[in-house]
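Participant: Sequence:
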Amino acid sequence: MSRLLDFGYALITAGLWSLNPAFISKYKNALQPILFTGLRALLALLPTLLLCSLTGFRVEVTPLSILLFTASALIGPGIGDAAYTRAIQVLGGGRAVVVAYTYIFVAQALSVLLGEVLRLGVLVGAVLAFLGLVISAPNNSGNKEASLKNFSYAATASLCWGIGTVLSTMSLHYADPTSLLVIRLGVLVAVFIPAGLLSIHAKKNYSIQNNLRKMIECSGITGVIGWFGGMYFFLLSLATVGTASTVLATALTPILSMITTRGVARELHNYALILGAALTSLGIVVAAFLS
Numbered sequence: 001m002s003r004l005l006d007f008g009y010a011l012i013t014a015g016l017w018s019l020n021p022a023f024i025s026k027y028k029n030a031l032q033p034i035l036f037t038g039l040r041a042l043l044a045l046l047p048t049l050l051l052c053s054l055t056g057f058r059v060e061v062t063p064l065s066i067l068l069f070t071a072s073a074l075i076g077p078g079i080g081d082a083a084y085t086r087a088i089q090v091l092g093g094g095r096a097v098v099v100a101y102t103y104i105f106v107a108q109a110l111s112v113l114l115g116e117v118l119r120l121g122v123l124v125g126a127v128l129a130f131l132g133l134v135i136s137a138p139n140n141s142g143n144k145e146a147s148l149k150n151f152s153y154a155a156t157a158s159l160c161w162g163i164g165t166v167l168s169t170m171s172l173h174y175a176d177p178t179s180l181l182v183i184r185l186g187v188l189v190a191v192f193i194p195a196g197l198l199s200i201h202a203k204k205n206y207s208i209q210n211n212l213r214k215m216i217e218c219s220g221i222t223g224v225i226g227w228f229g230g231m232y233f234f235l236l237s238l239a240t241v242g243t244a245s246t247v248l249a250t251a252l253t254p255i256l257s258m259i260t261t262r263g264v265a266r267e268l269h270n271y272a273l274i275l276g277a278a279l280t281s282l283g284i285v286v287a288a289f290l291s
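Just so you know, the sequence shown maps onto residues 1 to 291 in my numbering.
Hint data in this document are derived by calculation from the structure and do not stem from the laboratory.
Predicted, not measured: the structure shown is a model, and the values here were computed from it.
For each residue, glycine too, the CB sits at the ideal point set by N, CA and C.
Treat the hints with caution; some may be incorrect.
Stated by the list, open to error - Quick list of simulated restraints, FRET-style, between CB atoms:
#  : residue 1 : residue 2 : range
1  : Leu113    : Gln209    : 43 to 51 Å
2  : Lys204    : Gly263    : 30 to 38 Å
3  : Phe151    : Arg213    : 27 to 35 Å
4  : Ala272    : Arg58     : 42 to 50 Å
5  : Leu120    : Ser53     : 40 to 48 Å
6  : Ser53     : Asn29     : 33 to 41 Å
7  : Tyr271    : Leu64     : 43 to 51 Å
8  : Gln209    : Ser281    : 21 to 29 Å
9  : Val134    : Arg266    : 20 to 28 Å
10 : Val134    : Leu54     : 19 to 27 Å
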């Protein structure tokens, strides 16, 4: 029972993160992925600073820790989430989240290479969870003629999230979850807002005046729920149960996302969701009790 409770942080994360693709899909025509990533970080940073003022800022500053903090921010929620936003725009939330959440296996493979033990329960659970993701992939969500380039955005998110997850686990040796979250969000604000503005200026294919209000709305919702709440519990889970078990538990996100994208963004999904949800949930239980 205590092992299952240890998964609580990751399961909360899965629930919070399931709202991201729903709202991104709803507002997708108003979003510029790079600037949107920076604005999300800015609006998530404000409540995170308040929380940090109550818990304290505890960081060990070394050249390695600075490198880890910066890299984990830029690669994971930075490049990864910008690519994820673009994937949702071109594929639809349901399909994009299923492809992107193969990051589970990237993170687990890297964690083993770095010395984390991959237990049999986690391995079996990962297989079941992956089957659940595949089966629950909606046949009528997004563009059926989507090109390889469009899928590459979701694949990029998967790769970056996997690498970023392992870097975050390593970063937690030098900072507590709240302090690390402040640093990561600060890095994203400093890099992605200027980069987004430069990208808009260079390409001249996006109107800030026409889309800013909606982009701020979506940034506030997904920033506070997904990054302040979701990322905080994600880091807590990494510190509690490790990389492999955390990313497995968040495999529930795509299943929940198909419900939220249906309710919020009116995306259509098929009945295979039920079987997919059952397999993914079974995978989580197997990992919890056998690992």
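Participant: Broken hints, numbered, in rising order?
Facilitator: 8, 10
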